[in-house]
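Participant: Build the full structure now, drawing on both the sequences and the hints.
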Amino acid sequence: MPSLKDVKTKISGVKKTAQITKAMNMVSSARLRGAQMKMEAFRPYAGKFNEALRTISGNMKSGAFALMQEREVKTVEILVVTSDRGLCGSFNSNIIKMAEKLMNKLEAAGKKVTLVCVGKKANRYFRKTGKVREKHVDIMGNFQMFNARAIAQDIAANFIAGGCDEVQMVYGSFVSVARQIPKTMHFLPVKSVAAEDAATATGQAGDYIYEPSTEEIMEILLPLYTNVMVYNAMLEVGASEHAARMTAMDNATKACKDIISNLTMVYNKARQSAITGELMDIVGGAEALKG
Amino acid sequence: MAELIHLEVVTPSGPVVSDDVDIVSAPGYGGDFGVLANHAPFLSTIKIGGLIYKKDGKENYLMVSGGFCEVSNNKITFLVESAEPGHQIDVARALRAKERAEKRIAEAKTQTEKINMTRAHAALQRALARLKVAERQPK
Numbered sequence: 001m002p003s004l005k006d007v008k009t010k011i012s013g014v015k016k017t018a019q020i021t022k023a024m025n026m027v028s029s030a031r032l033r034g035a036q037m038k039m040e041a042f043r044p045y046a047g048k049f050n051e052a053l054r055t056i057s058g059n060m061k062s063g064a065f066a067l068m069q070e071r072e073v074k075t076v077e078i079l080v081v082t083s084d085r086g087l088c089g090s091f092n093s094n095i096i097k098m099a100e101k102l103m104n105k106l107e108a109a110g111k112k113v114t115l116v117c118v119g120k121k122a123n124r125y126f127r128k129t130g131k132v133r134e135k136h137v138d139i140m141g142n143f144q145m146f147n148a149r150a151i152a153q154d155i156a157a158n159f160i161a162g163g164c165d166e167v168q169m170v171y172g173s174f175v176s177v178a179r180q181i182p183k184t185m186h187f188l189p190v191k192s193v194a195a196e197d198a199a200t201a202t203g204q205a206g207d208y209i210y211e212p213s214t215e216e217i218m219e220i221l222l223p224l225y226t227n228v229m230v231y232n233a234m235l236e237v238g239a240s241e242h243a244a245r246m247t248a249m250d251n252a253t254k255a256c257k258d259i260i261s262n263l264t265m266v267y268n269k270a271r272q273s274a275i276t277g278e279l280m281d282i283v284g285g286a287e288a289l290k291g
Numbered sequence: 001m002a003e004l005i006h007l008e009v010v011t012p013s014g015p016v017v018s019d020d021v022d023i024v025s026a027p028g029y030g031g032d033f034g035v036l037a038n039h040a041p042f043l044s045t046i047k048i049g050g051l052i053y054k055k056d057g058k059e060n061y062l063m064v065s066g067g068f069c070e071v072s073n074n075k076i077t078f079l080v081e082s083a084e085p086g087h088q089i090d091v092a093r094a095l096r097a098k099e100r101a102e103k104r105i106a107e108a109k110t111q112t113e114k115i116n117m118t119r120a121h122a123a124l125q126r127a128l129a130r131l132k133v134a135e136r137q138p139k
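Chains as they are written, first to last, in my numbering: chain U, 1 to 291; chain A, 1 to 139.
Just to be clear, a hint being listed does not mean it is correct.
DSS-like, lysine-lysine: derived pairs with alpha carbons at most 25 Å apart [stated by the list, open to error]: (1) U:K257 to U:K22; (2) A:K47 to U:K48; (3) A:K54 to U:K48; (4) U:K74 to U:K38; (5) A:K55 to U:K48; (6) U:K38 to U:K111; (7) U:K74 to U:K111; (8) A:K75 to U:K48; (9) U:K131 to U:K38; (10) A:K98 to A:K54; (11) U:K290 to U:K10; (12) U:K135 to U:K112.
Keep in mind that the hints were calculated from the coordinates and are not lab data.
Facilitator: Put into structure tokens, the structure is as follows:
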């Protein structure tokens with residue numbers, strides 16, 4: 001039976017932990033609201049952007065642009081987007097697991113793999129593989145469009161220079177507050193939208209007046225498109241991270257409460273048996289004196 | 001009342017304007033262009049500069065930075081990296097940014113750092129566009 005003092009110390013320790021996890025839960029829920037708002041605000045831009053790209057690329061031949069060029073795939077780059085901080089359940093490890101699986105699959109198929117890590121967690125895990133070509137850490141806390149642009153530009157430049165022939169993206173997509181799933185997405189070369197659903201794409205593309213020419217517009221649009229993709233992934237990871245942490249911290253707080261109630265039981269039992277022991281002594285002593 | 005065209009200005013941080021207006025004028029690839037109701041489908045890239053739209057006889061100014069715009073079905077949509085209404089522009093800050101950029105450009109001549117030069121030029125353009133828009137926006 002543990003001593004009274006030990007149990008008491010343990011209870012107060014667990015109580016403090018519960019306070020911290022509860023505070024973290026509240027911070028995350030506030031941050032989640034912010035991240036969700038940022039995501040909502042970006043949605044119309046991304047939606048309109050895809051719409052416009054669709055109308056333009058309706059009568060475009062792929063392969064005409066550096067970012068759409070399909071080559072024989074020898075090297076694949078994987079862009080892994082995770083959060084910078086931990087304590088958010090299995091959120092990051094799920095993304096990393098998925099990226100690693102993809103990496104192993106590609107390597108088994110005889111392809112070379114390079115990595116671009118966004119977020120400390122991805123970098124920490126993958127850096128020992130020696131395949132990380134570029135890392136972007138400590139930006140997930142507060143990022144803007146220009147952070148995404150820097151990442152997208154770097155990857156696009158590497159792709160154009162022939163450093164890789166295909167780019168895949170692995171990130172945590174935000175389904176709902178209770179559900180975040182890792183997702184793999186094809187990133188580069190940009191697939192002609194027209195090829196995917198020609199029916200909706202070709203609409204009235206031919207009737208447009210373009211200024212400058214469609215080719216020049218595409219030269220400007222395609223890099224912007226990569227920015228949009230990266231920014232979107234970062235936004236989703238940002239929101240998912242907070243949602244995942246909220247759930248994790250909520251569970252932790254609950255676990256703390258369970259432990260506290262168990263420990264309190266142990267404490268009470270220990271105290272009771274101590275009292276019983278003392279009483280026995282007193283009664284025994286009194287009996288002896290009477291003797 | 002003349003026919004109206006629906007104007008939308010959307011940035012990554014949210015929609016800025018969504019309104020039915022008389023006329024829109026914007027800094028396009030080949031210079032400023034104006035769009036009235038029922039314009040033919042049109043697509044152009046947008047440079048840093050001032051966007052003007054007229055509604056109920058009142059002119060409104062917006063500072064926009066790079067992006068593109070699409071006209072179709074009597075609707076004009078701007079997708080730009082940022083957009084600031086004229087009355088929200090911080091003139092003092094824009095002035096400081098202008099001086100900073102000018103200084104950087106002047107100094108860069110000696111060290112010729114190309115990347116910084118492009119950035120400084122872009123910053124200068126933005127600052128100038130902001131100042132112009134702020135100046136022209138009727139109070």
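Participant: Decide, hint by hint, whether the structure agrees.
Facilitator: Status of each hint after checking the structure:
For the given pair, U:K257 sits about 11 Å from U:K22 by alpha-carbon distance, which is consistent with the 25 Å threshold. Under the criterion of a C-alpha separation no larger than 25 Å, the hint pairing A:K47 with U:K48 is consistent with the structure, at around 19 Å. Among the hinted pairs, A:K54 with U:K48 is consistent with the structure: their alpha-carbon atoms are about 23 Å apart, no more than 25 Å. A hinted pair counts as satisfied when its Cα atoms are at most 25 Å apart, and U:K74 with U:K38 does not qualify at roughly 37 Å.
A distance of roughly 24 Å separates the Cα atoms of A:K55 and U:K48; the hinted pair therefore holds under the 25 Å criterion. The hinted pair formed by U:K38 and U:K111 fails the criterion: a straight-line CA distance of about 37 Å is larger than 25 Å. Pair hint U:K74 plus U:K111 holds up; C-alpha atoms about 5 Å apart against a cutoff of 25 Å. Restraint check for A:K75 and U:K48: satisfied, since their Cα atoms lie roughly 12 Å apart, inside the 25 Å limit.
This hinted pair does not check out: U:K131 and U:K38 have alpha carbons roughly 32 Å apart, beyond 25 Å. The suggested pairing of A:K98 with A:K54 is violated, with an alpha-carbon distance near 28 Å, which exceeds 25 Å. Simply put, U:K290 and U:K10 have alpha-carbon atoms about 43 Å apart, too far for the 25 Å limit, and the pair is violated. A threshold of 25 Å between alpha carbons decides the hint, and for U:K135 with U:K112 the separation of about 18 Å falls inside it, so the pair holds.
In the structure shown, a violation is registered for the earlier hints numbered 4, 6, 9, 10, 11, in ascending order.
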